[in-house]
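S.K.: Starting from the structure of chain H, add chains E, D and W where the hints point.
Number of protein chains: 4
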Amino acid sequence: MIIVLRQGTPEKEIEKIKNKMESLGCQIHESKGENYHLFGLVGDTTNIDPEQLQANRYVEKLIRVQEPYKMANRLFHPEDTLISVENEKIGGGNFTVIAGPCSVESEEQITSIAKEIKLAGANFLRGGAFKPRTSPYSFQGLLGEGIELLKIAKEKTGLPIVTELMSPGMVEKFVDDVDIIQIGARNMHNYDLLKEVGRIDKPILLKRGMAATIEEFLMAAEYIMAEGNENVILCERGIRTFENFTRNTLDISAIPVIKKYSHLPVIVDPSHAAGLWWLVEPLAKAAMAVGADGLMIEVHNDPANAKSDGQQSIKPARFNSLMNSLKEMAILQDKVM
Amino acid sequence: MIIVLRQGTPEKEIEKIKNKMESLGCQIHESKGENYHLFGLVGDTTNIDPEQLQANRYVEKLIRVQEPYKMANRLFHPEDTLISVENEKIGGGNFTVIAGPCSVESEEQITSIAKEIKLAGANFLRGGAFKPRTSPYSFQGLLGEGIELLKIAKEKTGLPIVTELMSPGMVEKFVDDVDIIQIGARNMHNYDLLKEVGRIDKPILLKRGMAATIEEFLMAAEYIMAEGNENVILCERGIRTFENFTRNTLDISAIPVIKKYSHLPVIVDPSHAAGLWWLVEPLAKAAMAVGADGLMIEVHNDPANAKSDGQQSIKPARFNSLMNSLKEMAILQDKVM
Amino acid sequence: MIIVLRQGTPEKEIEKIKNKMESLGCQIHESKGENYHLFGLVGDTTNIDPEQLQANRYVEKLIRVQEPYKMANRLFHPEDTLISVENEKIGGGNFTVIAGPCSVESEEQITSIAKEIKLAGANFLRGGAFKPRTSPYSFQGLLGEGIELLKIAKEKTGLPIVTELMSPGMVEKFVDDVDIIQIGARNMHNYDLLKEVGRIDKPILLKRGMAATIEEFLMAAEYIMAEGNENVILCERGIRTFENFTRNTLDISAIPVIKKYSHLPVIVDPSHAAGLWWLVEPLAKAAMAVGADGLMIEVHNDPANAKSDGQQSIKPARFNSLMNSLKEMAILQDKVM
Amino acid sequence: MIIVLRQGTPEKEIEKIKNKMESLGCQIHESKGENYHLFGLVGDTTNIDPEQLQANRYVEKLIRVQEPYKMANRLFHPEDTLISVENEKIGGGNFTVIAGPCSVESEEQITSIAKEIKLAGANFLRGGAFKPRTSPYSFQGLLGEGIELLKIAKEKTGLPIVTELMSPGMVEKFVDDVDIIQIGARNMHNYDLLKEVGRIDKPILLKRGMAATIEEFLMAAEYIMAEGNENVILCERGIRTFENFTRNTLDISAIPVIKKYSHLPVIVDPSHAAGLWWLVEPLAKAAMAVGADGLMIEVHNDPANAKSDGQQSIKPARFNSLMNSLKEMAILQDKVM
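Chains as they are written, first to last, in my numbering: chain H, 1 to 337; chain E, 1 to 337; chain D, 1 to 337; chain W, 1 to 337.
The shape of chain H in the complex, shown without the other chains (with noise of 0.2 Å):
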């Protein structure tokens, strides 16, 4: 950590400021031009709030050198993170592809739909039990009856399943049903919910919040592995621009900088980005050509009557054609599909 200090900064107030940080167990070492005046910090900074120091009037920046996440940092963690899911591996050289419906809308529904996935080689079933939705009087999900009927699609096709959890009080029932817990992008800040699934070993899907930046993703995923659940798969689904053409706009270039900074599997949820069904299958394809661990797909049988997001869902026919060009291209970029 780099101290720069505000110009004419009184003498008593730079020793003020050297004895604190020596007091925390650092060094420093100083540093003074014409123009600036600096202190860099040697040995263990962690102790040091950087925002505390911030706050002193005569500090003028200060400088990390390191990131802030220790767990999810590849620095300390150089070998890829491989979750394993009943039969199913994510992260390493593996491309795992989740897809189902936005919403289990009924037994029929989601059955039909997870053989069809099924059989164009999907690895997980997805579908929301539990909807967080903008209006209040907009279909919230079949609740706890939503998780029953992905049961028995997982029992009739054998895919595992995950689905979107909201709230703390429910963290046991999932456990108990679901294979992958998702945390939604709405709730990526929800700290009290990170630290809830952190303290559980369920592997947990981590979606981007749509306005937060890359190290604010890492820091979420740290909250849940500070807790203990090192088991995070990170997925990136589009951020908040004055682009409104797309629903959100994908962050392709988040793929290849989370790869390199974190060992964590990293996934691209296409359907949710572009927010329009005819745009899921390039950005799908673009996802699996930058570098990314799979996909969260969004397949409906009849998207015109789904009671959500029908607007960016595909027919499992189209879904179908993906993934065989997927797993062409899964060649090339030395994928295991």
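Any given hint could turn out to be false.
Repeated chains share a single entry, so a pair holds when one copy, or any two copies, can fit it.
Only pairs whose alpha carbons sit at most 20 Å apart, straight line, appear in this in silico SDA-like list of lysine to any residue [said to hold, decoys possible]:
#1 Lys259 x Phe245
#2 Lys70 x Glu215
#3 Lys61 x Asn305
#4 Lys195 x Val171
#5 Lys118 x Asn244
#6 Lys259 x Trp278
#7 Lys70 x Glu107
#8 Lys18 x His29
#9 Lys16 x Thr45
Because the hints were derived from the structure by calculation, they are not lab data.
M.R.: Frame of chain H, contents of chains E, D and W only:
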């Protein structure tokens, strides 16, 4: 609601959509030009799920004529909402000032700040007990003990207290001890928490999410109101943009926009918007000038040693002089302060 | 075009608007519900200025059914535009690679880079002679001399050249010496310059402005085409968002969106989008996978001593290996490369 | 300037960087911790190109201690710049109001508006003759004739005139006929135009680009000043964000930030920021309260028939009442109006 159909939509599909709309209780006015074909829906359109309609591949566009919020809508509630807390009033022609430290740190700290802001004319004491922090390694607040210290400060000064709730599990304690319950920006999309505080009758101070549109902000208020709690105070605290000189970009225009479309009181938090103490004063004045119903300001007796947000906190003396300026402006703005 | 009137618009005002629209040659279909009153306009609406209509205080909303661009619109020109420059073709099923340094620095530099990229299979040589720089104190390019050096490099390698034009006064020189004239992101809204290059017949490489929507980008192309020059190549180079790990956020979705709505070729500049050399390769592959018509890549033999943009330039050896990967992918994507 | 080196940088590379910096006339203070290695540069660092340094793969970060602008920097010019135009003064303790229609449409229109705003107390008349429009098919202004009509309006009212210049080729005419030359938001990055107006001695009203940071805005002013013209007035007119209820998001915080870092006068354009006439009044007051040096407001006698921007124009009567409110506020704000 207006449905614009894609050019060349087959007659059969047109009939299907017509029948569906009629079955939902709407009459249809058809309008056809060379380049478009549209249905204007007459009657109660609240049973129509816009997302489902848009999923129909023959629907080009869907145009809402009415706002999606009802209880928060000024159209159905033309009078300003006035919220009473002990002897204080929020909304209507009042200008309410909530002040205090970011975090409650000790009895001495919170009571001394409370006394000073009381003298300067503040109406409420704020202070964080449960703190949402980007890093799991940062100070997370004094938790329950923080609430106890706030109660002591209230006892000594008479100032009712405002503090943030992060977890549905804590609602009961907050109902007992707190005068206004704050829902932070990071939880504006945490619908389970919104529903929870919708079922109580304490006033809720709802902060705008950092990437929430004005409409989504009002929909979050609607979540609370739809459960029965109509005492919602909205708080603009800056949105995230490409400009990062300031921590956030204060969306000053949001105040008159919200006041036009909603009857709820709207206050401004210049401290979080700017992230820099020397911007608090000019932004607070701008908030008064633009028509806000009040302010929430971070005040700390020793910002350089504050446990959080010291960089954006002003000292009691500066707060006092700001209050004097605001009182002068209040006369021109026809506000009671 | 659909006009939504404000509730309670006086009959007199309704008549005025009706008469005005009819005088402009449009028929009106009126549609009236409980909550709305609207006019659907039938006939040629191109004489109607939407801004003027919206200024009418009785007009609540105005809904455009058609895109505002005509010549760039695929609706009126379903076939892909194919642009020929010497022996090279851009658009259609071709995948075109433009490569070279950010700035032309010396004869030795530009010719040696040109030779290396030629060997690797690049189709065009790029190099800045006139450089738009944020600071007036930064290197502004070799100006006219830079153009001369590009011509020498072209002579030695046969690669046609692409370079940026900043001033209307230089158009004639560029027409004589340059094969494709680039309009940079900073000048995408410089309408006088767009009109100027609309009057010549050289192909124009138009970069997207850093905060331009896809529609505004196509309208900038329309400015050029409306003057008579239909040889426009669009270039997505990242947009400005809150995420600043990368210099810009590559809007990868813009490629399939533009290709659906326009017949013009679209290429991607991963170097400017990312601002970091190690992101160029994955982003270039993503561009191929998403369906782009080509790439523009910064290549420098000595990035650490480049006069500009060294941080985002790759070396010739890496460019060569990237080209090999792209050629493999091109087969799957049905692109000629 | 501070250079942070990557961990494990070879000694040879360290020496290379050291030697280069010393050859550019800087002394180096080295500082080495467990996790970092840095150089603090002492002496004149203006010869160092930061981009070039960052291109060195061994440089982890580069930290500027000083702002990159010099002539616009308050550090080197602590007094407010005061600009005189005929009898009017801009900057210092003055509050200057520029008003008029978006476009000059006819002699009758411009002179009648000029008379009304003059009566209400405006200091300058604005009116567009050359209009930058998103669509090539929209009204582009009366061009040269518009300038002539502005001159007539000036003759009749004595109000000096402000109008936008779009092309370097028109500079001479503008120098002869116009009192303050406006550079629009779309041309803030048009460096050739900035240099051109830097060589004349007319005051320049420079609008912030819609996605320009505050620093880039000041660098655009620096382009003008570096050529010799120090009479620059800055104008905040809103930035582009995800919020699109308003045309742009007025960055009200930018005013006090710019006034702290620069000595140039800063005014606010609430009309373009909001895009909605009913927001002009509250935003104008907020601009006064936050410390702006003036306003630029669109006033039209018949907004519903304005050729451009009618939606954001206010009528003369409303302008008059706004001026009265501002005059009252000016007393509290210590502004001469």
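S.K.: Within a copy, between copies, both or neither: which one fits Lys195 and Val171 at a CA-CA cutoff of 20 Å?
M.R.: both (11 Å within a copy, 18 Å between copies)
S.K.: Up to 20 Å between alpha-carbons, please classify Lys61 paired with Asn305: within, between, both or neither.
M.R.: between (55 Å within a copy, 17 Å between copies)
S.K.: Within, between, both or neither: how does the pair Lys259, Phe245 come out at a Cα-Cα threshold of 20 Å?
M.R.: between (28 Å within a copy, 14 Å between copies)
S.K.: Is it within, between, both or neither when you check Lys259 against Trp278 at 20 Å Cα-Cα?
M.R.: So Lys259 and Trp278 pass the 20 Å test across copies only (12 Å; inside, 28 Å).
S.K.: Given identical chains, is Lys70 near Glu215, meaning Cα to Cα at most 20 Å, within a copy, between copies, both, or neither?
M.R.: within (12 Å within a copy, 33 Å between copies)
S.K.: Given identical chains, is Lys18 near His29, meaning Cα to Cα at most 20 Å, within a copy, between copies, both, or neither?
M.R.: both (10 Å within a copy, 18 Å between copies)
S.K.: State whether the alpha carbon distance between Lys16 and Thr45 is at most 20 Å within one copy, between copies, both, or neither.
M.R.: So Lys16 and Thr45 pass the 20 Å test inside one copy only (17 Å; across, 30 Å).
S.K.: If the cutoff is 20 Å on CA atoms, where do Lys118 and Asn244 land: within, between, both or neither? Let me know, please.
M.R.: neither (34 Å within a copy, 39 Å between copies)
S.K.: Please work out whether the CA atoms of Lys70 and Glu107 approach to 20 Å or closer within one copy, between two copies, in both situations, or in neither?
M.R.: neither (43 Å within a copy, 34 Å between copies)
In this structure, the hints that do not hold are numbers 5, 7, in rising order.
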